[in-house]
Amino acid sequence: MLLKRTSDRRTAQAAGDGVLIDRLRHGLARALPTVDRRAFLRRSGLGLGVGLAATQLTLVQRAKAAEGKPVPTGQGKVEVKRTVCTHCSVGCAIDAVVENGVWVRQEPVFDSPINLGAHCAKGASIREHGHGEYRLRYPMKLVNGKYQRISWEQALDEIAAKMKQLRDESGPDALYFIGSSKHSNEQAYLLRKFVSFWGTNNCDHQARICHSTTVAGVANTWGYGAMTNSYNDMQNSKVALYIGSNAAEAHPVSMLHMLHAKELGCKMIVVDPRFTRTAAKADEYVRIRSGTDIPFLFGVLYHIFKNGWEDKQYIHDRVYGMDKVREEVLAKWTPDKVEEACGVKEEQVFKVAKMLHENRPGTIVWCMGQTQHTIGNAMVRASCILQLALGNIGVSGGGANIFRGHDNVQGATDVGPNPDSLPGYYGLAAGAWKHFATVWGVDYEWIKSRYAEGMMEKPGITVSRWIDGVLEKNELIDQGPNLRGVFFWGHAPNSQTRGLEMKKAMDKLDLLVVIDPYPSATAAMAAMPGKPEDLNPNRAVYLLPAATQFETSGSCTASNRSIQWREKVIEPLWDSRTDHMIMYQLAQRLGFANELCKNYKMQKVKGMDEPVPEDILREINRGVWTIGYTGQSPERIKAHMRNMHAFDVKTLKCKGKVIDKETGYDLTGDYFGLPWPCYGTPELKHPGSPNLYDTSKHVMEGGGNFRANFGVERDGVSLLAEDGSHSKGADITTGYPELDHILLKKLGWWDELTEEEKKAAEGKNWKTDLSGGMIRVFMKNHGCHPFGNAKARAVVWNFPDPIPQHREPIYGNRPDLIAKYPTHDDQKNRWRLPILYMTLQQKNVEDKLHEKFPLVMTSGRLVEYEGGGEETRSNPWLAELQQEMFVEIHPAAAAQRGIRNGDRVWVTTPTGARINVQALVTPRVAEDHVFLPFHFSGRWQGQDMLAYYPQGAAPVVRGEAVNTATTYGYDIVTMMQETKTTICNVERA
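Numbered continuously in my numbering, the sequence shown closes out at residue 995.
One thing to keep in mind: the hints can contain errors.
As the list claims (entries may be wrong) - With a Cα cut of at most 30 Å, we get these calculated BS3-like pairs of lysine-lysine: (1) 268 with 318; (2) 330 with 287; (3) 786 with 751; (4) 703 with 734; (5) 770 with 752; (6) 168 with 604; (7) 479 with 854; (8) 168 with 244; (9) 514 with 834; (10) 656 with 667; (11) 656 with 440; (12) 168 with 514; (13) 351 with 273; (14) 703 with 691; (15) 537 with 273; (16) 343 with 312.
Note that these hints are calculated values from the structure, not bench results.
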């Protein structure tokens with residue numbers, strides 16, 4: 007078993023180092039001095055795209071060597087560093103070729119069981135990060151409307167002084183910290199720890215506005231809020247239902263696995279308001295009205311129940327409340343009601359139901375097309391209920407395959423800056439704080455003293471609504487002060503709705519700090535003149551250049567829960583610093599650096615101290631038992647990265663007996679990346695869990711069952727699994743509650759603990775026993791699952807709607823359906839803020855907004871760009887592929903408005919916003935729908951914002967942000983923003 011750190015490898019300097027290095031050295035010697043980008047374009051006969059201004063597109067020339075090092079000629083030190091793409095959540099591995107400290111080439115890892123040697127457009131251009139022409143190079147401060155370069159010392163000193171001032175004047179809750187789904191696990195975890203020691207729960211990150219409804223909906227159905235199976239396991243599916251997922255553009259490499267499945271006969275169904283590139287691969291495409299996932303899914307369930315196609319034994323053994331769902335579906339969602347709500351005829355709904363019935367196991371895939379709604383949590387649960395009815399959860403080829411967006415949004419959600427929980431979904435109760443106080447080695451009372459009275463256990467404001475934290479009346483906010491300072495720590499503002507109000511909120515702040523490799527749209531929005539009455543004359547704005555994930559090391563968690571380790575490819579470029587170094591240096595100035603980093607060794611980077619990422623991961627291993635982040639030691643993960651060839655492409659399991667040559671670690675039985683939960687200590691050698699809730703495997707071979715997280719009975723009905731329903735080889739063959747010291751004693755297994763383990767476990771449960779002894783005894787000795795064995799819940803009691811209900815969006819173009827399916831009542835306090843539903847929806851109907859704005863507006867991804875797009879639109883290779891922000895509009899709707907393909911148009915919404923984009927006339931969208939991609943920023947209601955970016959750091963391609971124009975609306979459970987269903991009009995410019 008590996009318990010020690012090991013040194014990096016794959017360094018080759020001398021002749022005869024190996025065929026790969028020899029080939030690389032020879033190729034570099036020939037290619038590097040001769041082919042720059044201009045030469046490539048000239049030789050290939052390609053010209054520059056019309057949309058690229060010559061002043062903005064500095065052609066990539068021969069790479070300059072690192073400071074003080076010779077220009078690469080293929081004769082120097084060549085290293086191959088293994089890393090992971092930093093775009094979507096698939097987790098594609100990359101071998102980065104570095105010569106004399108310069109990143110000169112990249113190769114997709116052909117041995118990777120995840121990407122199989124493939125790249126999408128974004129992944130293929132990842133090396134550009136290592137040159138970074140358009141990156142933020144130095145710390146900067148906004149002075150008289152222009153960004154000026156300052157030193158790191160001045161920037162950190164002034165930011166810390168302003169933070170202390172705001173704390174003294176208004177308390178710790180006056181600051182808000184927006185983390186990043188592109189932070190490594192270690193950085194995301196450290197940021198939550200940093201914010202806790204500052205004394206607030208006002209922190210959040212990108213997951214709030216992409217999959218928070220998934221996490222809430224799925225976790226409250228069967229236990230864990232994550233993808234149940236894997237991209238790879240989809241090769242075992244007989245049918246796949248994609249609903250609200252355009253994987254061909256958003257997760258291109260994931261389609262490799264589905265196309266392999268199709269070769270083996272898998273049927274592919276795509277449900278989407280828009281005919282996407284994914285739909286082009288479907289056996290059956292279903293167009294629904296945006297926002298009507300529940301009517302469609304329950305329409306499918308209607309036919310399943312009507313024909314007796316549900317898995318009755320599975321439901322009896324493993325599901326609670328399906329009888330109530332059945333009763334409601336058959337009564338409420340008859341074929342006529344389904345067609346009225348979602349626009350799909352009975353024949354096609356029946357066809358889909360029959361395909362799902364006849365081709366089992368079947369999987370379901372959803373993304374932000376399903377999550378980003380005011381009823382996103384209900385849509386997610388409807389998808390879960392469908393799969394439970396079919397018996398498709400906990401089986402290979404089945405599952406809920408939820409594709410996450412950013413490269414580490416899964417990991418950042420698991421262990422990062424969530425406003426309602428400490429790392430690992432422990433929550434904010436006193437017991438959770440005491441657990442982490444022990445893990446962190448600090449006094450619980452000291453942490454408590456950092457918080458305002460009564461705020462330590464209260465969830466913070468969500469990132470989706472930080473705007474209201476600034477603008478809302480103080481007496482209506484459930485905390486002392488309004489927000490006065492905001493940190494954008496690797497987050498794109500244009501990915502959030504209500505852009506006009508966000509600009510107003512930014513102007514009212516006392517402190518705005520942007521920490522990012524690229525300045526992001528935040529920098530330009532802050533510098534752009536707003537309304538004079540909104541501007542705080544004392545506002546201070548700072549930009550701090552963060553290093554990319556290729557300029558440090560650390561782990562990241564793919565959508566399938568596999569954890570991979572990134573090696574450091576190059577040193578931080580320009581004057582950038584790693585995020586965890588910045589946290590440490592700020593903590594030094596704020597007075598809690600010793601508490602923050604007491605468990606970590608320091609390493610020197612550019613002559614400065616930086617916490618060692620491996621030590622941060624070890625602290626995660628020591629504390630995050632709930633979701634099994636304890637078994638993935640740095641050593642185990644690194645051994646997996648070195649031996650990708652050892653893992654099966656379909657199952658992710660190590661093939662036979664494989665020993666890591668560098669350390670001697672035995673990979674036998676492991677699943678690639680040790681997908682969480684990987685229970686117990688690393689010494690226990692749990693293999694990871696490839697498919698959650700799979701009773702066909704022993705728990706020590708990755709098996710499991712549904713979680714007992716909601717009590718043992720409800721209204722006199724047992725919530726535990728029935729007799730005979732248990733994971734393979736379990737000594738307890740019926741349902742049972744989660745493990746604690748009392749249960750272990752009652753079972754007579756307590757004496758199987760060592761004396762040291764008994765001391766650690768006394769009075770604890772499996773989530774707080776830092777020895778891991780209870781888990782060892784329960785799992786290894788007795789084959790039982792520490793989180794219990796219960797039924798999944800088709801009906802819940804801690805959400806507003808126990809059974810998912812369809813509700814029309816707040817801004818809709820169907821007042822007749824709003825009358826039948828109204829939204830929620832207004833709420834006085836959700837996540838510290840009041841929220842509008844019914845009153846706003848009714849006002850919109852009374853004002854007849856559907857007549858002024860008759861088109862449904864939805865948004866989504868493009869294959870060329872990712873997220874807010876600042877990073878990818880600053881990449882010349884990608885910028886050339888997609889140069890214009892556009893709106894897709896149906897030919898009939900375009901003809902009514904005198905719009906031709908390629909025309910400039912104005913898209914207007916009820917917010918008063920007007921965005922100027924290019925028209926793409928296409929039948930991909932329905933006649934009353936339009937589609938806009940959400941990756942653009944840099945233009946504001948027709949105005950180019952170039953002048954407001956730091957000089958030299960503007961993206962190559964700039965365009966209007968769709969979210970400048972999107973409207974108000976939030977999920978009642980999680981505050982997920984509504985981006986997929988609002989209304990607009992389109993006019994020729």
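Now the hints, each set against the structure:
| no. | hint | result |
| --- | --- | --- |
| 1 | 268 with 318 | holds (28 Å) |
| 2 | 330 with 287 | violated (36 Å) |
| 3 | 786 with 751 | holds (17 Å) |
| 4 | 703 with 734 | holds (5 Å) |
| 5 | 770 with 752 | holds (14 Å) |
| 6 | 168 with 604 | holds (26 Å) |
| 7 | 479 with 854 | holds (28 Å) |
| 8 | 168 with 244 | violated (58 Å) |
| 9 | 514 with 834 | holds (24 Å) |
| 10 | 656 with 667 | holds (25 Å) |
| 11 | 656 with 440 | violated (41 Å) |
| 12 | 168 with 514 | holds (15 Å) |
| 13 | 351 with 273 | holds (20 Å) |
| 14 | 703 with 691 | holds (16 Å) |
| 15 | 537 with 273 | violated (55 Å) |
| 16 | 343 with 312 | holds (16 Å) |
Against the hints set out earlier in the document, violations occur for numbers 2, 8, 11, 15.
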